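The primary structure of each chain is shown beneath.
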Amino acid sequence: QVQLQESGPGLVRPSETLSLTCTVSGGSINNFYWGWLRQTPAKGLEWIAYMYHSGSTKYNPSLSSRVTISIDMSTIRFSLKLTSMTPADTAVYFCARLQSVTVPTYFDSWGQGIMVTVSS
Amino acid sequence: DIQMTQSPSALSASLGDRVTIACRASQDIYNSLAWYQQKPGKAPKLLIYDTSNLATGVPSRFSGRGSGTHFTLTITSLQPEDIATYFCQQYEKSSLTFGGGTKVEIK
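Protein chains in written order, with the working numbering: chain A, 1 to 120; chain B, 1 to 107.
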């Protein structure tokens, strides 16, 4: 059974870049989409980005100017970079796997989540 | 983006009750809908996909129905372990969106 684990800083200063990594174990990264989401009490669950193992990407339009998702096939990890962080980006960030037939659909496996606080 | 609206935002029910949660899409999403269960401090867990298909290991007391813009999640007999927040998610459009959640509590 595939397992996902987020890693990264729990505290980021305003204007800095958040870098998170998701390590995939117990399964292949091939033939799936891999994504990032975040959750806040105010905005609920928000999809951030997803990427196919072969490299195609899709970003939430509201965040697209600040987000980059990438995959490292050699280490079976995928990453998120979110620039120009503000307190509004304080959230629990999740990585997840998406099922797909021809397009990405629902999230069938999730990491446990990592709390990221933006504060000086 | 497709807006997903859930109702109610919270409900209180007795053990053994039948519980129904609604999810409405701002445009036709056919059957491209999933439901998730989230317990405090945990990640969401997939319950149902393609409107009515139970994910692996999900008890049969959970069921999903609907099409187009109106969908429901039903728990036929509420159990203590069902206390959680439930979210719907559409995937008809590539910009994936979620409902605001329904918190289920015990009366």
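Rather than coming from a laboratory, the hints here were simulated on the basis of the structure.
Where hints are given, some of them may not hold.
Unchecked claim - In silico lysine-lysine, DSS-like type, Cα no more than 25 Å apart, as pairs: (1) B:K103 - A:K43; (2) B:K39 - B:K107; (3) B:K103 - B:K45; (4) B:K42 - A:K81; (5) B:K39 - B:K103; (6) A:K81 - B:K107; (7) B:K45 - B:K93; (8) A:K58 - A:K81; (9) A:K58 - B:K39; (10) A:K43 - A:K81; (11) A:K81 - B:K93; (12) B:K107 - B:K45; (13) A:K58 - B:K103; (14) B:K42 - B:K107; (15) B:K103 - B:K42; (16) B:K103 - A:K81; (17) A:K58 - A:K43; (18) A:K58 - B:K107; (19) B:K42 - A:K43.
Unchecked claim - To be clear about the criterion: a stretch of chain B counts as covered by chain A if any three or more of its residues have a C-beta under 8 Å from a C-beta of chain A, and this derived list gives those stretches: (20) 4 to 17; (21) 97 to 107.
Stated by the list, open to error - Some, not all, of what chain B presents toward chain A, calculated at C-beta under 8 Å: (22) P40; (23) A43; (24) L46; (25) Y49; (26) A55; (27) P59.
Source: prediction; values computed, not measured.
All C-beta atoms in this analysis are idealised placements derived from N, C-alpha and C, irrespective of residue type, glycine included.
How the hints compare with the structure:
1. For the proposed pair K103 of chain B and K43 of chain A, the alpha carbon gap of about 15 Å is at most 25 Å, so the pair holds.
2. For the hint pairing K39 of chain B with K107 of chain B, the CA-to-CA distance comes to about 17 Å; that is within 25 Å, so the pair holds.
3. Between K103 of chain B and K45 of chain B, the direct Cα distance comes to roughly 15 Å. Compliance with the 25 Å bound is thereby established for this hinted pair.
4. Restraint check for K42 of chain B and K81 of chain A: satisfied, since their Cα atoms lie roughly 23 Å apart, inside the 25 Å limit.
5. The hinted pair formed by K39 of chain B and K103 of chain B meets the criterion: a straight-line CA distance of about 10 Å does not exceed 25 Å.
6. The straight-line distance between the Cα atoms of K81 of chain A and K107 of chain B is roughly 43 Å, outside the 25 Å bound, and the hint therefore fails.
7. For the suggested pair K45 of chain B and K93 of chain B, the alpha carbons sit about 21 Å apart, so the restraint of at most 25 Å is met.
8. Between K58 of chain A and K81 of chain A the alpha-carbon distance is near 14 Å, which keeps this suggested pair within the 25 Å criterion.
9. Distance check on the hinted pair: K58 of chain A and K39 of chain B sit about 28 Å apart at the alpha-carbon level, beyond 25 Å; violated.
10. With a C-alpha separation of about 20 Å, the suggested pair K43 of chain A and K81 of chain A falls inside the 25 Å cut-off, and the hint holds.
11. Pair hint K81 of chain A plus K93 of chain B holds up; C-alpha atoms about 24 Å apart against a cutoff of 25 Å.
12. Annotation: proposed proximity of K107 of chain B to K45 of chain B holds, straight-line Cα distance about 24 Å (limit 25 Å).
13. Between K58 of chain A and K103 of chain B the CA atoms are separated by roughly 30 Å; this puts the pair beyond 25 Å, and the hint is violated.
14. Proximity of K42 of chain B to K107 of chain B is assessed by CA-CA distance (about 23 Å); at most 25 Å being required, the pair is judged to hold.
15. With a C-alpha separation of about 14 Å, the suggested pairing of K103 of chain B with K42 of chain B holds against the 25 Å cut-off.
16. For the suggested pair K103 of chain B and K81 of chain A, the alpha carbons sit about 31 Å apart, so the restraint of at most 25 Å is broken.
17. For the given pair, K58 of chain A sits about 20 Å from K43 of chain A by alpha-carbon distance, which is consistent with the 25 Å threshold.
18. Restraint check for K58 of chain A and K107 of chain B: the C-alpha separation of about 42 Å exceeds 25 Å, so the hint is violated.
19. Distance check on the hinted pair: K42 of chain B and K43 of chain A sit about 17 Å apart at the alpha-carbon level, within 25 Å; holds.
20. Judged by the Cβ-Cβ criterion of 8 Å, the stretch 4 to 17 of chain B is not covered by chain A as claimed, because only 0 of its residues qualify and three are needed.
21. Counting residues of the stretch 97 to 107 of chain B whose beta carbon lies closer than 8 Å to any beta carbon of chain A gives 5, which meets the minimum of three for the stated coverage.
22. Annotation: interface hint on P40 of chain B violated; nearest CB of chain A at approximately 12 Å, more than 8 Å.
23. Annotation: A43 of chain B was flagged as interfacial toward chain A, and the flag holds, the nearest CB pair being 4 Å apart, inside 8 Å.
24. The beta carbon of L46 of chain B comes within 5 Å of a beta carbon in chain A, closer than 8 Å, and the hint placing it at the interface holds.
25. Interface hint status for Y49 of chain B: upheld, as the beta-carbon distance to the closest one in chain A is roughly 5 Å, under 8 Å.
26. Hint on A55 of chain B holds. Least Cβ distance to chain A is approximately 7 Å, under the 8 Å limit.
27. With 8 Å as the threshold, the beta carbon of P59 of chain B stays out of range of chain A, its nearest partner Cβ sitting at about 17 Å, so the hint is violated.
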